[in-house]
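J.: Chain by chain, the residues run as shown.
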Amino acid sequence: MMHVVCWFVQDLLSVLTWGTMQVPEVFLLSLVSRLLTQDRETNLPVIWWAFAGGLFWDLRWVGIPGFFTLNYVCVVMVVIWVWNTLPVSGRTLPVIFFLFWAAQVIPSVSSLLLPGRPVGDSKWTFFLVQQGCVVPLALLGVFFFVRDMKGRNA
Amino acid sequence: MTREWIHGLVALTVGLFLLGASPNFGFLKGIVDLTGNVLSVPEYPAVVLRNLSRDLYLWSRDKSDLTKQLESLKSENAKLQIINSVLVAEQIRAELNARMDDARVTLREPHSWWNEFRIDRGLDDGVTMGLPVFQDGFLVGRVSSVSSSSSWVELLTSSSLMIPVVVEETRELGVVVGDGEGSVLLTYIPEARGIEKGMKVSTALVSETLPPGIPIGHIGGDASASGSGYVTYKIIPGASTGRLYSVSVLKHSRSILR
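Protein sequence lines correspond, in order, to chains E and R.
All residue numbers for the first sequence refer to the numbering used here, where the first residue is 759 and numbers rise by one.
All residue numbers for the second sequence refer to the numbering used here, where the first residue is 25 and numbers rise by one.
One should not assume that every hint holds.
What the hints assert, rightly or not - Using C-beta positions, here's what the derived DEER-type ranges look like:
1. E/V767 x R/G60: 17 to 27 Å
2. R/F49 x E/L871: 19 to 29 Å
3. E/L844 x R/L76: 41 to 51 Å
4. E/S868 x R/V62: 24 to 34 Å
5. E/D797 x R/L76: 36 to 46 Å
6. E/L844 x R/D86: 52 to 62 Å
7. R/P47 x E/F855: 35 to 45 Å
8. R/V72 x E/L844: 37 to 47 Å
9. R/D57 x E/F855: 36 to 46 Å
10. E/R798 x R/R78: 42 to 52 Å
11. E/L895 x R/L104: 49 to 59 Å
12. E/V840 x R/V72: 40 to 50 Å
13. R/V62 x E/L895: 23 to 33 Å
Worth flagging that the hints you see were computed from the coordinates, not collected in a lab.
Predicted, not measured: the structure shown is a model, and the values here were computed from it.
The C-beta atom is built at its ideal place from N, Cα and C for all residues, glycine as well.
Working from the sequences, and respecting the hints, build out all of it.
T.: Right, dumping it as structure tokens:
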């Protein structure tokens with residue numbers, strides 16, 4: 759349910775800021791947050807949440823089914839791979855921040871390739887404005903991660 | 025791990041298939057439209073909010089532009105008014121200079137020393153009754169009678185010459201009149217109007233024949249109350265009424281006497 763809400767929040771943000779900025783990937787942030795905090799059994803639904811969310815995003819905003827579907831699934835797979843490869847001692851806060859941040863960068867950069875998007879310098883303006891919003895969101899993700907870990911260890 | 029990879033690879037394959045095959049799906053446009061229509065209902069508040077904020081932004085930008093434009097026009101208007109005033113003043117000055125004529129005092133009888141004197145300019149020179157006479161740019165009197173080659177000028181110090189005036193600093197109106205003994209007084213000024221020593225006095229717009237703004241002198245003496253709510257001030261004339269050898273007379277023109 760939380761993923762649906764996050765997807766919808768991202769959708770509303772896109773409506774509100776249409777033509778002015780690229781919105782942060784709130785939906786993907788919720789998926790990554792779940793991957794990092796929940797047990798491995800929940801990874802399979804997350805993959806299909808990414809697939810469904812990406813597909814709906816394509817149908818709503820892009821018109822090319824498969825574009826964000828692939829992006830989101832790729833990001834989720836990369837995060838699963840990195841997270842499971844890392845030893846527990848290597849799962850430090852900077853690494854977690856980097857994972858949250860990277861999850862935002864991959865779809866954002868690839869979306870710059872889409873036809874009909876702003877051209878020239880404004881492409882990078884769109885991207886940079888989004889990144890300005892992403893850093894606080896990534897920090898928020900780290901905060902929730904730390905809070906979740908403390909709750910588990912308590 | 026294997027299950028995750030299998031599911032991931034399946035999802036990626038389906039995604040790739042959709043991406044590659046979507047241009048061939050004719051019904052896809054209908055699905056996209058349907059998704060947009062369905063989501064337009066929950067998105068409606070966001071659309072309204074976006075339009076509202078856009079209108080607000082455009083309104084504030086327009087208002088800011090209009091304010092700037094208004095300020096610019098105000099500034100331009102003030103400059104134009106100054107330029108216009110300068111031009112009008114220059115025009116009046118040029119007109120007055122063209123109408124000014126020097127006259128020599130030819131007679132000043134001892135028994136009417138503070139009342140009148142005669143000048144060597146008359147009807148033939150364009151002098152008519154009522155015209156102002158100056159010394160060093162200050163009003164010294166006005167023409168009281170004219171002959172063909174000479175005129176009599178009634179002095180400011182004469183007790184029968186009354187001239188409407190204004191105190192320039194306070195815009196208070198009064199009447200200047202002489203006492204027949206060399207002094208000039210400002211009368212009919214209501215009490216407690218803030219008139220102070222040194223304030224300038226000039227002719228007022230209410231006069232029918234004298235142009236407004238002709239300097240007369242300044243407040244020089246203490247006030248003396250008349251008892252009826254009015255105060256009389258002593259005026260120090262700008263002109264030397266005791267030493268009059270030559271004066272300037274304003275020749276007749278209909279335009280200045282309007």
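J.: All hints, please: hold or fail.
T.: How the hints compare with the structure:
A C-beta distance of roughly 18 Å is found between E/V767 and R/G60, which places it inside the suggested range of 17 to 27 Å. Our hint of 19 to 29 Å for R/F49 and E/L871 holds, since their Cβ atoms are close to 21 Å apart. The supplied range of 41 to 51 Å is met by E/L844 and R/L76, whose beta-carbon atoms lie about 47 Å from each other. A C-beta distance of roughly 26 Å is found between E/S868 and R/V62, which places it inside the suggested range of 24 to 34 Å.
E/D797 and R/L76 have their C-beta atoms about 45 Å apart, which keeps the hinted 36 to 46 Å range intact. Checked against the given bound of 52 to 62 Å, the beta carbons of E/L844 and R/D86, roughly 56 Å apart, stay inside it. The hinted window of 35 to 45 Å between R/P47 and E/F855 holds, with their beta carbons roughly 39 Å apart. For R/V72 paired with E/L844, a C-beta distance near 46 Å keeps the hint of 37 to 47 Å intact.
The given range of 36 to 46 Å is respected by R/D57 and E/F855, whose C-beta atoms sit roughly 40 Å from each other. A hinted range of 42 to 52 Å for the beta carbons of E/R798 and R/R78 is consistent with their spacing of about 46 Å. Separated by about 57 Å at the C-beta atoms, E/L895 and R/L104 satisfy the suggested range of 49 to 59 Å. Between E/V840 and R/V72 the Cβ separation comes to about 42 Å, which falls inside the hinted range of 40 to 50 Å.
With their beta carbons about 27 Å apart, R/V62 and E/L895 fall inside the hinted range of 23 to 33 Å.
Of the numbered hints listed earlier, not one is contradicted by the structure.
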